[in-house]
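Chemist: Protein sequences, first through last, are from chains A and B. Okay, so the first sequence: first residue is 1 according to this note's numbering, each after it adds one. Okay, so the second sequence: first residue is 1 according to this note's numbering, each after it adds one.
To be clear, the hints were calculated from the coordinates, so they are not data collected in a lab. Please note: incorrect hints may appear among the correct ones.
Each computed DSS-like pair below joins lysine-lysine, with the alpha-carbon atoms no more than 27 Å apart [unchecked claim]:
1) A:K296 with B:K24
2) A:K407 with B:K381
3) B:K381 with A:K303
4) A:K296 with B:K381
5) A:K296 with B:K54
6) A:K407 with B:K334
7) B:K168 with A:K296
8) A:K301 with B:K334
So the derived list for chain A, only partly shown, Cβ under 8 Å to chain B, looks like this [claimed, not checked]:
9) A244
10) Y286
11) L297
12) S298
Just so it is clear, CB atoms sit at the ideal spot from N, CA and C, and this is done for glycine as well.
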Amino acid sequence: MSSPVKTDIQDAPGASPKDGPGGWAPILLQAMRSNLRQYGMIVALGLIIVLFAIWTNGRTVTPLNLTNVITQNGYVLILAIGMMIVIIAGHIDLSVGSLAAFVGALAGVLIITHHWSWPLACVVALLIGALAGAWQGFWIAYIGVPSFIVTLAGMLVFRGATEILLKGQSLAPFPDGFIKISSGFLPAVGPHTNYHNLTLLLGLALLAWTLFQEWRGRRQQIAYDLDVLPFGLFVMKCVAITAAVIAFTLILASYQGFPIVLLILAALLIVFGFAMRNTVIGRHVYALGGNQSAAKLSGVKDKRVVFLIFVNMGVLAALAGLVTAAHLTSATPGAGTNYELEAISAAFIGGASSSGGVGTVLGAIIGGLVLGVLNNGMSILSVGSDWQQVIKGLVLLAAVGFDIYNKRKVGS
Amino acid sequence: MGEPALDKPVLEMRSITKTFPGVKALSDVTLSVKQGEIHAICGENGAGKSTLMKVLSGVYPHGSYDGEIYFQGELCEFKDIRASESRGIVIIHQELALVPYLSIAENIFLGNEHATRGVISWNETLRHAKQLLKRVGLPDRPTTRVADIGVGKQQLVEIAKALSKEVKLLILDEPTAALNDEDSRKLLDLILEFKAAGISCIIISHKLNEITRVADSITILRDGGTIETLSVSDGEVSEDRIIRGMVGRDLENRFPDREEYTGPDSGEIAFAVEDWTVHHPIDQHRKIVDGVSINVRRGEIVGIAGLMGAGRTELAMSVFGRSYGRDISGTVHKDGKEIRTRTVPEAIGHGIAYVTEDRKRYGLNLIDNINRNISLTALPKVARRGVINEHEETRVAESFRKTMNIKAPTVFEGVGKLSGGNQQKVVLSKWIFAGPDVLILDEPTRGIDVGAKFEIYTVINQLAAEGKAVVFISSELPELLGMCDRIYTMSAGRLTGEIPREDATQELLMRHMTMDKTSNGVGAGS
């Protein structure tokens, strides 16, 4: 997880450094302030991890448990990415939990009842997800029905369809290959080293790539005569990234290695993070959420963008459905219940604004991880699910409340 | 209050200083308003007018500023708006604060209902509302929804609301900014009536002709300080005199000189709209634009004059990607060829730019920064295969910040924090970056100060000098006269005149702008 650090520091262009002695602290402060919610959440996430580690005598930070946190929360993180984009555009999607269940059920019927090969069934399931997203996107973008209504309808329709498809019963078992989507790891190769070799290699590659990106970005900024971080700070940043990547890699590599889900997540984070930050369509999403009329008059094809956002959400919901089915090793009618609420919470904890136009993909991941780590830590401390809900609810309220309070203080 | 001596000040604000983190918004400002007078406050945007009024009305509570406020001879320490309203100081903001789906009567007494133990007495409410509406000269029934009446009437509802609070000092912030001349005149007459009834009034306005018409005294603010107070009774105060105070220099020429475009294709018609008709989006039998034809040559600035409701904005927006109206007919030509402008991207693709009248609602993404606002219309120019080159984007934005003189430390400053003039420069930058051949500018200087206006005029002239065709829509006649080569006039959706620069006078324009539907429209371009 190195790209986070990279993404948000670049995201904080308010940092216009004044070179010279003692100039670092203000720069850091300014960078933090201009992206307070996200930095705040990174700090909060770190704090929560440390606190739980202390309370549980380190049981939460064992390689086994960390791997569990990732595999158990894969579905929320996948949904949160799509949900963040939907919310940035100024919409909402309440149907993702039901859609995930429906797609899981469909996969069950195709693979278990009709004996399709599982990769083919997965591809079909993703396409069905896209189709479902297109259906909702059509009503929202081209007919103009508010997304809240359309996806509320979708929530009911897909839940019902799931039960029709499964006739109210669970389907099991899925073949091993399919289950690996959720619980599998990269294969072990090479000599025996006490560590998972492929994971180490992957970690090294990630580190090299990230540092190269950092260095290249800096070179380009200099070439364009833009302000850059002072060299000392830049080195510090690189050291921090290196330390984080190495620590994370070693922890994973000392258990079974790199989980497949994490691979999927990393790919999504990189692709969507890049798309939202650096591509024209990503920029159009922000513009639409920020001021729809102005975006329209600036030539943004508003309807098409909204349509595509929901198609994308459908695909991600389908992917989350597959991961969930693999995790449960069965297709059940009750799968995916409340997933939409978890994804929406993750997006808001991670810095989305309810009026749209604000948020990052990385933020969604951080928001999702905050919830996931809370779940996991409280379970290990054997806090009942009743109190877990209370606490998660308060965390959501506190995160958004703090942000709004803070903005008001800066604004007045 | 028995026999108010006319010269006694009803309000005195003494050495008011208000600082925000890092900025001194007001420093040692003094304001003295006499009993029963109309006192105008003038100043460029950011001079501190609104801040001063917020201090007075308690939006910024006592303790958050330095200095003293005396109202009717008593020291006042307002802790919120209610406190100042209970003393009879009522402020009407530029953006009206009415609830559109409630009735006039409900709006008038909102927060101040005629009720006993929480139960509203509708008979009393309607009776009182009727009485108040009579006083402000509004014939509508008090049960009419506010959404169903025009802006001019809404302004009157706001005033009725102020009257219901036993107003002694009425503060109007840009009361006529959204009104047409007719409604503005009515409003000003009403204020004069109040004056006769002993209500003092503070009026903030950019429209100097209105100020010279109604004001008894004029206080000029500049950069957060009081510059001077002019008394009209001491002699005629001219607009130029006020401008001199506001900008601190004589603006002998409010409009910059212009170089003529002398390219090979100068004088050719670059852009033409023919027989353009647009129907109202909801009331589809109503023609909002009716058979209008206009054209612009290369390097030419062509004005469109008209009162509110003349259909100027609707004409522009319907041409620009059918962004307004329905059942649109007519043709658009560029360089002699007919072009399709059915969607905004199509229009932009043909090199047309529309700079909207309402920059906050339609022009800018206020929560984003200067950088991204400028690049939005032409992102492909700084992108390759859909991927934005952020460094190139920033370089472009920086260059606009410098050439357009946008006052912000960096291009990463949020657009929402900029003053109106600087926001307008961002909107212009964004459209210039799109590289259009035809620019339609809709009220490009609305609500911005004199200095920024001059800068924007300079930019417009420069665009024309580069051979671009400019359509200039404005409600300020002196501006059209000062800038345009030719001026079309519209009234009630129809073209009523085409007047070359040499013949144009305010009187002539106004005559054409007020022609009613039955009189003959003058065909254009023929």
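Chemist: Is the hinted pair K296 of chain A and K381 of chain B satisfied, with a Cα-Cα distance of at most 27 Å?
Modeler: With Cα atoms ~18 Å apart, K296 of chain A and K381 of chain B stay inside 27 Å; holds.
Chemist: Run the distance test for K381 of chain B versus K303 of chain A: straight-line Cα separation, threshold 27 Å.
Modeler: holds (22 Å)
Chemist: Taking only the CA atoms, is the gap from K407 of chain A to K334 of chain B under or equal to 27 Å?
Modeler: violated (47 Å)
Chemist: Between K296 of chain A and K24 of chain B, is the straight-line Cα distance small enough, at 27 Å or below?
Modeler: Distance ~38 Å between K296 of chain A and K24 of chain B Cα, so the pair is violated.
Chemist: Should the hint that Y286 of chain A touches chain B count as held when the rule is a Cβ pair under 8 Å?
Modeler: holds (7 Å)
Chemist: Sort out whether K334 of chain B lies within 27 Å of K301 of chain A, counting only the CA atoms.
Modeler: holds (23 Å)
Chemist: Does the nearest C-beta of chain B fall within a distance shorter than 8 Å of the C-beta of L297 of chain A?
Modeler: Result: holds, 5 Å to nearest chain B Cβ.
Chemist: Is the interface hint satisfied for S298 of chain A? The criterion is a beta-carbon contact with chain B at less than 8 Å.
Modeler: holds (5 Å)
Chemist: For the pair supplied as a hint, K296 of chain A and K54 of chain B, confirm whether the alpha-carbon distance does not exceed 27 Å.
Modeler: violated (35 Å)
Chemist: Between the alpha carbons of K168 of chain B and K296 of chain A, is the straight-line distance 27 Å or under?
Modeler: Status violated; Cα separation ~45 Å.
Chemist: Given A244 of chain A as an interface hint, is its Cβ closer than 8 Å to any Cβ of chain B?
Modeler: violated (24 Å)
Chemist: Hinted pair, alpha-carbon criterion (27 Å max): K407 of chain A, K381 of chain B. Please report holds or violated.
Modeler: Given that 27 Å is the threshold and the Cα spacing comes to 34 Å, the pair is violated.
Against the hints set out earlier in the document, violations occur for numbers 1, 2, 5, 6, 7, 9.
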